[in-house]
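Model the placement of chain B on the given structure of chain A, informed by the hints.
Number of protein chains: 2
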Amino acid sequence: MTGAIVQDAPATGETTNRNNKYVYFFAEGKADGHGQMKDELGGKGAGLAEMTNAGLPVPPGFTISTRACRLYFDNNSTLPDSLEQEVREAVARLEQVTGQKLGSPENPLLVSVRSGAKFSMPGMMDTVLNLGLNDETVKTLAAKTSNPRFAYDCYRRFIQMFGNVVLEIPKGDFDEIFEGVKKKKKVHLDTDLTAEDLQAVIAGYKKLVQKKTGKPFPQDGHEQLVMARNAVFRSWYNPRAAHYRRMNNISESLGTAVNVQTMVFGNLGNTSGTGVGFTRNPSTGEKEFYGEFLMNAQGEDVVAGIRTPVPIAELEKEMPAVYNQLRETTTRLEQHYKDVQDFEFTIQEGKLFMLQTRNGKRTGKAAVKVAVDMVEEGLITKAEALQRVEPAQLDQWLHPVLDEKQGLKVIAKGLPASPGAAVGHIVFTADEAVKQGKKGPVILVRAETVPDDIHGMEAAAGILTARGGMTSHAAVVGRGMGKCCVVGCTSITVDEKNKRMLVDGKAMKEGEWISLDGSTGRVFLGKAHTVDPDPTSGVFAKFMSWADEVRRLGVRANADIPRDAQVARRFGAQGIGLCRTEHMFFAADRLPHVQAMIMAETEKDRRKSLAKLLPMQRADFAGLFRAMEGLPVIIRLLDPPLHEFLPKREELMVEVALLKQKSPRSPKVKEKEKILARVEQLHELNPMLGLRGCRLGITYPEITEMQARAIFEAAVKVTNEGKKVIPEIMVPLVGSRQELALQKQIVDRVATEVFEKAGTKVTYLVGTMIEVPRAALVANEIAAEAEFFSFGTNDLTQTTFGFSRDDSGKFLEPYVNQGILQQDPFATLDRSGVGALVRMATEKGREARPGLEVGICGEHGGDPSSVEFCHQVGLDYVSCSPYRVPIARLAAAQAVLTESAGEKGRTL
Amino acid sequence: MTGAIVQDAPATGETTNRNNKYVYFFAEGKADGHGQMKDELGGKGAGLAEMTNAGLPVPPGFTISTRACRLYFDNNSTLPDSLEQEVREAVARLEQVTGQKLGSPENPLLVSVRSGAKFSMPGMMDTVLNLGLNDETVKTLAAKTSNPRFAYDCYRRFIQMFGNVVLEIPKGDFDEIFEGVKKKKKVHLDTDLTAEDLQAVIAGYKKLVQKKTGKPFPQDGHEQLVMARNAVFRSWYNPRAAHYRRMNNISESLGTAVNVQTMVFGNLGNTSGTGVGFTRNPSTGEKEFYGEFLMNAQGEDVVAGIRTPVPIAELEKEMPAVYNQLRETTTRLEQHYKDVQDFEFTIQEGKLFMLQTRNGKRTGKAAVKVAVDMVEEGLITKAEALQRVEPAQLDQWLHPVLDEKQGLKVIAKGLPASPGAAVGHIVFTADEAVKQGKKGPVILVRAETVPDDIHGMEAAAGILTARGGMTSHAAVVGRGMGKCCVVGCTSITVDEKNKRMLVDGKAMKEGEWISLDGSTGRVFLGKAHTVDPDPTSGVFAKFMSWADEVRRLGVRANADIPRDAQVARRFGAQGIGLCRTEHMFFAADRLPHVQAMIMAETEKDRRKSLAKLLPMQRADFAGLFRAMEGLPVIIRLLDPPLHEFLPKREELMVEVALLKQKSPRSPKVKEKEKILARVEQLHELNPMLGLRGCRLGITYPEITEMQARAIFEAAVKVTNEGKKVIPEIMVPLVGSRQELALQKQIVDRVATEVFEKAGTKVTYLVGTMIEVPRAALVANEIAAEAEFFSFGTNDLTQTTFGFSRDDSGKFLEPYVNQGILQQDPFATLDRSGVGALVRMATEKGREARPGLEVGICGEHGGDPSSVEFCHQVGLDYVSCSPYRVPIARLAAAQAVLTESAGEKGRTL
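Read top to bottom, the protein sequences are chains A and B. For the first sequence, my numbering gives the first residue as 1, with consecutive numbering after it. For the second sequence, my numbering gives the first residue as 1, with consecutive numbering after it.
What the hints contain is simulated information worked out from the structure, not anything from laboratory work. There are no misleading hints in this set.
Copies of the same chain look alike in the list, so a pair counts if it fits in one copy or across any two.
Here are the simulated PhoX-like cross-link-like pairs (lysine-lysine), alpha carbons at most 25 Å apart as the crow flies:
1) K497 <-> K648
2) K660 <-> K648
3) K674 <-> K810
4) K670 <-> K506
Just chain A, with the same shape it has in the complex (with noise of 0.2 Å):
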């Protein structure tokens, strides 16, 4: 059910067909296929063929399946003789049944023809309707219906579709023709036509074909039909299901069934209509009937908007026995599928059809209220609930949403990095963030974020940037505060100078309102309204504890400051997995310090730095360790480069220099020179792979006894105080034993200092991050050390593939486009590749120290796949920005249900 899953190939089982059978008939009451049958029939052929089955009154038909799709597309798109045969004895049969005949004048049939893959792609693929009409049965339908202006209109329909779908005329050609009738006809509405106008768009349509194609409309309903169905095969392939499918995770190599149906018209009158609906609100899930229709209308009457359609409620005042019919079948059919069921319907003259039904999408909400819902109503079991939300929907449960209902100005589109709504004013500078946003709400535009513009991106409602991908700082940052965040939106340009932004050429500045929608990356023009949702109400509450229930995977979170603890917490998690200490050092009464002791030059001037930032530290710790009372708390040593903590090596060159050519007197130059001299010291060509973390604790041992004393003085005064804390303490970029064991010396020594000093114990434990492959590869070595591993998949994907995640911005999106890879590393943890050294590494590990607690602390800690795999590979816990925590539990609670799912399958 995940979403993140490739939806793959058929299973085995289904493909395997028996007696070479490509096309599936379904015709009063009984049909070839079932419902099970998506990987062969579609969505909709297998939903056809249930219905059929169980006595709904559906139009009688065909599926070709999916295998055909395949066979044409890999016999040089045609298809073997022996398939053709197959069809056309379906034709027949359909003709028997029905009484009519394909292009026969007599009684024409007419029908439609419908892609319809596994997976529902709604509009990404093509379809054609009233195929069977020619010149000749245009006349009989005319006749037969009474109604010429009815059959001249489906006729040039018809033609319009056909020219444009199988025979790849644009539709403005058409178009073109169509209003210089009504032109010449002075009209205004395409209804004022009467039949005699719509003959001569038909004539015009007609000439068109024979010019572009250089052969005239086919006549024939068979020759008709083939060009359909191949034309459907085709669509497949073009830019909008390809695109749909990356999206959806969908594998190109599933195909589309096509199904041919008997047309049945709703506009064949004033007791002829045709509606859609829902057995539930999709949107919020509430139990009701659902949907909206028109009398006298066919399906794209509906979508073309021309006409506004009828709540349903409305028909069982027009049509009542309709209206009844139409609830009971819905009903029965919501009571079969166990699902809230999205359908289509037909009223020919008094008479109803069902023309489809599906599983209905819903928000993320009405997913979680549907499921518990149904389990309440005895409908579904407890696991079956868990597996009908997707564990990414859970967000809207959690952040404020944008109403969509303003019709806001979309003006960019980025990646969705951290999910909520943000309305504000734009500011380009992270002070002017934090200035302009004590007088109102502001969102931070900026290339990229570092982070220097932390304080900048708390004081924000939103942050949207230019550069960037999922992981990128503003992401991981955003995602962390719970804040809402666009990145990579690289149709915008930052001028950060002249406070202003170009978005598609056209300039904005400082102080106009944007939104961001952060769960869709979408940028909108103005301020629009959100609503905030109850993360703590019933349903949710309820349908989470079932996940517990479930899951074996721990849930902890990824959490810097108490605030973040708590909320963290109220989401459930079970512990912090990873507090960056060095966010931490970036704030403001912070900072100042951080950098003279990064100026010293000596131990002992390093040492006096480090001491003013000890209480602060103990502080900190102290703060989370009352919010995670009674949970484990891991602790990381300060990771990132020195020099981040320092103004940029280039800004400084820039203004040394232009301060040299202006006054090369003033003190102000040497003193400058000092901060860059130190600042060329520690510039790196490559800083992720330079003096980072633990090689730094390595280099200045000082740094790590003083975190270590502001853990341990805050543990016992936190201990003292009558809470139970348990800290571990998290040594970064371990690659060899040795680097390990020197951290920890360091630890312990601290350690036995400060308990002995103040008389209380505390127990701990030392571990390490597994970040970069070597230590995965020589983990049993690194577990004689380590009393826990935690794996920092985001820097352990850098290092596996060799993509930065701050630059891989530039080819990961063509990477995915060009499907060299499924999807991006840094968001789903790539199973063969790193996901193999997270697996050796925890086998490795624990055959070293049996009973080795293990868990992981990237990004991927709260994506479903992910969590799926670190179920699969039996790690201990994830751990993910608090925000994501839900989500995880979820995940982690599917996962377990997928296992169990495969289990029994293995045992039928």
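For chain B alone, coordinates are given in the frame of chain A:
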């Protein structure tokens, strides 16, 4: 034998001491131990036992084993009682054999107490001579020798040595007293002091000991012995010894043995003397009796340099019988050990004593000469000969070397990045190197080199950089060019602007002479002479041919241009394992086109510039193919990030800022800003993990296309000249199958086009680098596309460790010094981490494609220990810089010999 392997703890067989014996006696033609017991007795102890057993005149004594040393440290710096008892028994036995008694005034036993580890560590640990002397025994010695001056000189030397080594009193304190007496007596030479004067010195020394230790100088011989023995044990850990071990990869866990041996005196008059010698010339390898001696002297007199020793030939005249005995003895020793012997002897009153013998250290030139001679003398087998030469020593046959006799001043020391000697004027920029290089030899001195410097590096005689490690740009390029190069010389500060450098605070200007020794990393002040050895000499060629008979691994070379390829072929390369095409891009006639290509905004413009590069690349490849006729040539597609070809971002930023401040309206501002904009676009935070390797070819397929076209057109051309061409095209930085598949498609398509047009077909392979961990983890998938693998272990080491090779200098040195890493993983392949990936990828690759060609082209391809690993893993070849080819050939042969020795060991 390969020096880079860690010389590790003793083999199990030898450490298992069955009868719990710690002390090994030797006297009168019979020793408890023997020559094979180096693990237990150390090199010196094993040699003494062996010589005793061989009936040679060795002063009797005993060896306290290395196990006792380890026990001493494990046991809180004491020995257990049982072991002390064993030592006392050995002393008693020695007293019995000599008829003397330790500390006895009647017939005192005097002994030396010397260190002796498994591997020779000359001068690194401590020694005490004349032990057993005290206020009484000195009188006996004076009487017995009738030489009071000699006796008191022995005693004062003993107190001084014991005081310094055992009691840790600074040497200077003793010297002060000694000089005080000399001054008082107004004498200039030590030898001018009388016995009485020396007694005054002794009195002063004893007072010093009382003052410094609070106790009188120990008079008891047994107490002296225990104290001296423990001090020798402790000297295992002195900083000098620790440093030597690290330099020579000797394991710290070995410990040292202690040899207690009866003193013999070479200073008992004119029939006494002492000397050292070699059975063959250790510098040239010539078979000549080689050494020096001094009559009436002790060993330290030779070392002290007060008297000039006499060539050993003189001894024949002075004491022909002794000379003949010495020649006969040492010849027997050489026959016995089957290797050049480095021996020490003492003549006491006409009687020859052998004090030590060991295999003599020798130069690379001598090593080869001796090995070949000994095979021809029938003394050793070819296999033994191959194991007698350290592969790295072969360097001395390949590069001009410094004439060491000159005695120039060493002003700095860096890393020996590329061997050989270089002498020249200092220059600080590449352009200056080219300009000045035309007038005379120059040394290019840079903070670090960049690809832009290539022309200057080529023009220079040698390269010296202040920053960078063994695989920095300067080092790699230097080795590639076979050019002497010293890098990471941190005591130098380069002040490019003022055309000077600071060496320990002293400034040196452009134009001054310096000399580099690329084999040791030393930098000399002034102009050294160099010696140019002949690498094609008969002895060398013969020796290498033996290596080729034995080895299984192929050896190829990394070479980018025909000249390098020719050199490589002369050195025995069996193909090109890596041609880096980007090096061709930096040439002055190409760079403008490369830059235009990068600045191009459309594919069309890019193709225009590429079209200009095509004929140049084609000519490059044709040259390579001709040079390597009949041998495979692996050409790697463009690899480095594009910004490497553009000016540096920060320099442009400064330039633009200065221009704007000065003349904002200058047209130059616009022009520079345009370049800066593109540089900004290409800017990456971690370029090593960015848009490079095949990511370039995937983003800009037209680059791959142009390169493939150049390769195939060149291949066709050279084939048509009647030469066999074997091109192998290598796609860099692949991490997944699809990347390679996409690039391979382009290459194959271009090949077909070129071959069809030319009517000539050339067989070629398409393969990939394995240089990111993921490639190794999914090697089976990649092998489905790849026709060969080549491990890029430089990059693979970077990503496996998460170490940037450009930046790791800052922490790698402390890492090695603190024992976190045994060696620089960029110099010697890390077997447990990177090696595990190499092994995994090889196995997985061959599983998917049996017979897959697998090689290595990282810098490790020329490192003997890494070559051994490649042999063990079963690679097909190693590829290294041309000047390392002979080293790799020998290392590959040694790997076979080590392996079959191991197998023989298992069989027995």
